[in-house]
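Chains as they are written, first to last, in the working numbering: chain D, -15 to 364; chain H, 68 to 536.
Hints may be right or wrong, so weigh each one.
[To be verified] With a Cα cut of at most 25 Å, we get these calculated DSS-like pairs of lysine-lysine:
1. H/Lys489 / D/Lys6
2. D/Lys10 / H/Lys136
3. H/Lys262 / H/Lys116
4. H/Lys116 / H/Lys407
5. H/Lys457 / H/Lys489
6. H/Lys364 / H/Lys262
7. H/Lys91 / D/Lys243
8. D/Lys17 / H/Lys440
9. H/Lys369 / D/Lys39
10. H/Lys407 / D/Lys184
11. D/Lys17 / H/Lys402
12. H/Lys440 / D/Lys209
13. D/Lys218 / H/Lys440
14. D/Lys114 / D/Lys151
15. D/Lys20 / H/Lys193
16. D/Lys46 / D/Lys198
17. H/Lys440 / D/Lys65
18. D/Lys268 / H/Lys407
19. H/Lys489 / D/Lys10
20. D/Lys(-6) / H/Lys440
21. D/Lys315 / D/Lys151
22. D/Lys151 / D/Lys198
23. D/Lys10 / H/Lys457
24. H/Lys398 / D/Lys268
25. H/Lys204 / H/Lys193
26. D/Lys17 / H/Lys457
27. H/Lys127 / H/Lys173
28. H/Lys328 / H/Lys136
29. D/Lys184 / H/Lys402
30. D/Lys209 / H/Lys119
31. H/Lys127 / D/Lys(-6)
32. D/Lys(-6) / H/Lys457
33. D/Lys6 / D/Lys184
34. H/Lys440 / D/Lys20
35. H/Lys127 / H/Lys91
36. D/Lys39 / H/Lys119
37. D/Lys209 / H/Lys127
38. H/Lys193 / D/Lys17
39. D/Lys114 / D/Lys65
40. D/Lys46 / D/Lys20
Please keep in mind that the hints were generated in silico from the structure rather than gathered at the bench.
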Amino acid sequence: MTDEKPKRIKVTALCELCHARKAVMKRPKNLQKLCKECFYNVFETEIHNTITNAKLFQSGDKVAIGASGGKDSTVLASVLKTLNERYNYGLELVLLSIDEGIVGYRDDSLATVKRNQIQYKMPLEIISYKQLYDWTMDEIVSCAGIRSSCTYCGVLRRQALDRGAAKLGINHVVTGHNADDMAETVLMNLLRGDVARLEKSTTIVTQSSGSPIKRSKPFKYTYQKEIVLYAHYKKLDYFSTECTYAPEAFRGTARELLKSLEAVRPSCIMDIIYSGEHLVLAPKKKKVTTQYKNKKKLTEQQQEEMEINPDGSVSLKSKKQEFKDGNRCEKCGYLSSNKICKACVLLAGLEMNRAKVTIDNNTAVDGAAKLTKTLEQLSF
Amino acid sequence: MSENPAVTFLGSSDSDVAKCQRCKQENAVLITRKEPFCKACFIRFIRGKQRKQMQDDKYKVKYGALIEKLGTQRVLLALSGGESSLVLLDVMASLLQEQYEAHKGKQGFELVILNLNEFELNSLNKRISDILPELVKRYEPVPIHYKVLDLNSYILDDSILEKIILHDDFTGITLPYTAQTKYTLFDILKLCPNKSSIEDLLTIIYQDLIARTAYIEGCQTIIYGHSMTRIANEIIALTVKGRGSTIYQAIADHTIAYNDKELQILFPLRDVLYAEILAYAKLTGLDESVLVSTIPKSKINKNLTIRDLTTRYFSQLDATGYASTASTVVKTGEKLGAPKVDDNVGTVAHCQICGIEIYQDPGDWLRNITVNKAAPVETEQDHENLQLYKDSVGVSSQSTEVPHGNPLNICYGCIVTLGGVKQESGFIWPTNNTSPIATQQYIVDSDREKQRVLDEFVLTDDEGEDEGE
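Based on the provided sequences and hints, a complete structural model is requested.
This is the structure in structure tokens:
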């Protein structure tokens, strides 16, 4: 429009915040045209605001960063290191990785984490499914099929992270869950009718009362696309392949919806989180249905009956009471809302189906990732 | 592809296999909810869903003391001309017909149809005014009143318009709007930054116009034709628009206060799937009266609105065997309640755009996670650029001083809706639109038609004078 002196940068091409440097990107969150410096500034400050508003850390805390080697956790490690130095959080940061045992996927991403360890000068601890549960994900998939892979992996990883942190004497794990993940979770909880999780789905810190380990999500309000841009401009070293075991089909539809919504209105990810934070369950109406007919007194024998859920878990006795935190699994001692924790139930199921005999040098258990990799390296 | 569609029509070939499970006589024409239905039983089944939702005594034919206690009940039916509202009209009219026959011409309530004229807005394929007389004739001898209202009547007069300016820090102000020209609704919609914003504002406008008409017409109840699928869609759309805190109200049968009156809002077809509504419309021949927009829906995501996208999502779920999702979402939405009031706000404020309660200052929330501060300017060249920018701004506009106005109460959803409105032009909106009014002008009014005939041909006492307008 107004460019009296067309010698250098046009005024209209300047960053919308500093009006001094050339804009190089459109900010995914609000489509502002920004220069690199201003983008770093707003990106980091927003995360700093999120951390300080939620009072996530205290000086002297030892914090484990759940590091997969992917973009989210790599950027998380980088940003936390930056902020820790800039604002004197006084944190001791440690990288904590889980090795699920997916050949061709996790081994490569772990190599990235090992490089990050050197780049950020942070200690690294790797906990593997194999040493913890005596199963790798590849083995689980070859035994239980690919469809339920995420169920197993999710349940086992949750526990593995906790156990890894406990081993390091750390009571706070931060994960790279970003705003897109949060928005997707809000939608999924609505679509699946997960009433129990509806209210809690957007909380930044999650902790069970009996557990010493809390988890938090400093990237709760950070757009995935901005994480990608940050990693790109900062030239961060991350591993960008998706897990080869397919995500759940229904979640895929929600993800697709979110994508097209974001194209129409970029703020919608924040909007969904805002909505999610304001979803409150109505106080339960008490239904009093007094039973007159066929009313029998419970015999002692009946009182000793146990309810076995369809998935094989056993409910705790006090059935009428609300979900209570702090119960322990009878088998492994991990937190559980049932008598036996979900991980133990899943593992017990797997154990029953484990092949009794193995073939030497059997490569059939190696998952699709291995095969893809081998195929990639073929040449004619 | 469609392994488990919500409604399956049976062809003539397989009809000899399946008998209707209700009457066990007729051949089934379709399967829904895993049950084969014949035409009559299916229609009865759908009507039953509405009967169940409106069991209250006030909608029944009343005798004796109950007449005085409940008074004449008037029910306003919001009719867009789409399948759902046409089916609701048919269902309601059938209830009136049943009452008429069973109670020798008595009725439990009076039915008033309101259509907000979208002919221009959506380039509809036909005018509602051409269809309504025919439609109403279907249900004779039951009288049904109908009115068609111009969308522009939302703006009662220019004096209630205000100019709204939203700042970068998500606070807003209102300024008196000094009108030189008459401002129409379409002028306001033109200020919207995108289609989704227009959609949001139209929702606010429709709800207000419907409530206002119910108030003026003395209706105690407003009914919408929303199907279960539509309500599920609404829940997701509200969530996506940052209006999640209103779900608990918006989708439940609830009452609203309009001036000095209470209006009850009901969704009588909330237990009916959209696919079942389409089937009902097809079986009863109502589908021929459906008003359709002649503007084709774009194939490109970017040109669609948020509601378009969520609607498409649910229809895709229907087709891919996840049809039960709609009912899950509705059940989940029904369990929601009012959010807790933020201690910092103290009392609940009302949004001056859409009127909903504000529980937490949305500006605070946004400012924390959307920083608008620049990184320090360092190099000499940068300083030069900055000076260049300052010069150019100084020349092109002198709006450096911010005009002072009254602070604006605005909810999160409306901040999102108005986000992207140009700072210079601002936004024009009737911020105080609830002043009570006694009458309004309709484009078509069935009562007025009759009155016109009476006025013209019935002789009054002083018949010599010309009283007509």
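Hint by hint, here is what the structure shows:
1. H/Lys489 / D/Lys6: holds, 23 Å
2. D/Lys10 / H/Lys136: Distance ~64 Å between D/Lys10 and H/Lys136 Cα, so the pair is violated.
3. H/Lys262 / H/Lys116: Answer violated: H/Lys262 to H/Lys116 is near 35 Å, above 25 Å.
4. H/Lys116 / H/Lys407: With a Cα-Cα distance of about 34 Å, the restraint between H/Lys116 and H/Lys407 is violated, given a limit of 25 Å.
5. H/Lys457 / H/Lys489: holds, 20 Å
6. H/Lys364 / H/Lys262: holds, 12 Å
7. H/Lys91 / D/Lys243: Judged against 25 Å, a Cα distance of about 48 Å means the pair is violated.
8. D/Lys17 / H/Lys440: holds, 13 Å
9. H/Lys369 / D/Lys39: violated, 39 Å
10. H/Lys407 / D/Lys184: holds, 14 Å
11. D/Lys17 / H/Lys402: Violated. D/Lys17 to H/Lys402 sits at ~42 Å, over the 25 Å cutoff.
12. H/Lys440 / D/Lys209: Roughly 20 Å between the alpha carbons, so the hint for H/Lys440 and D/Lys209 holds.
13. D/Lys218 / H/Lys440: holds, 20 Å
14. D/Lys114 / D/Lys151: Answer holds: D/Lys114 to D/Lys151 is near 16 Å, not above 25 Å.
15. D/Lys20 / H/Lys193: Not OK: D/Lys20 and H/Lys193 at ~54 Å, beyond 25 Å, violated.
16. D/Lys46 / D/Lys198: holds, 12 Å
17. H/Lys440 / D/Lys65: holds, 22 Å
18. D/Lys268 / H/Lys407: holds, 16 Å
19. H/Lys489 / D/Lys10: The hint holds at about 18 Å.
20. D/Lys(-6) / H/Lys440: Holds: D/Lys(-6) and H/Lys440 sit about 22 Å apart, inside 25 Å.
21. D/Lys315 / D/Lys151: At roughly 19 Å apart (the allowed maximum being 25 Å), D/Lys151 and D/Lys315 satisfy the hint.
22. D/Lys151 / D/Lys198: Answer holds: D/Lys151 to D/Lys198 is near 14 Å, not above 25 Å.
23. D/Lys10 / H/Lys457: Roughly 22 Å between the alpha carbons, so the hint for D/Lys10 and H/Lys457 holds.
24. H/Lys398 / D/Lys268: Roughly 14 Å separates the two Cα atoms, so the pair holds.
25. H/Lys204 / H/Lys193: holds, 18 Å
26. D/Lys17 / H/Lys457: holds, 17 Å
27. H/Lys127 / H/Lys173: holds, 10 Å
28. H/Lys328 / H/Lys136: holds, 17 Å
29. D/Lys184 / H/Lys402: holds, 15 Å
30. D/Lys209 / H/Lys119: violated, 49 Å
31. H/Lys127 / D/Lys(-6): With Cα atoms ~73 Å apart, H/Lys127 and D/Lys(-6) exceed 25 Å; violated.
32. D/Lys(-6) / H/Lys457: Holds, at roughly 13 Å.
33. D/Lys6 / D/Lys184: This hinted pair is violated, its Cα atoms lying about 42 Å apart.
34. H/Lys440 / D/Lys20: Since the Cα atoms of H/Lys440 and D/Lys20 sit roughly 13 Å apart, the hinted pair holds (cutoff 25 Å).
35. H/Lys127 / H/Lys91: violated, 31 Å
36. D/Lys39 / H/Lys119: Given pair D/Lys39, H/Lys119 is violated - Cα atoms ~51 Å apart, limit 25 Å.
37. D/Lys209 / H/Lys127: Outside the cut-off at roughly 58 Å; violated.
38. H/Lys193 / D/Lys17: Answer violated: H/Lys193 to D/Lys17 is near 45 Å, above 25 Å.
39. D/Lys114 / D/Lys65: Between D/Lys114 and D/Lys65 the Cα gap is close to 31 Å, so the pair fails against 25 Å, i.e. violated.
40. D/Lys46 / D/Lys20: violated, 31 Å
Violated hints for the displayed structure, listed by number in ascending order: 2, 3, 4, 7, 9, 11, 15, 30, 31, 33, 35, 36, 37, 38, 39, 40.
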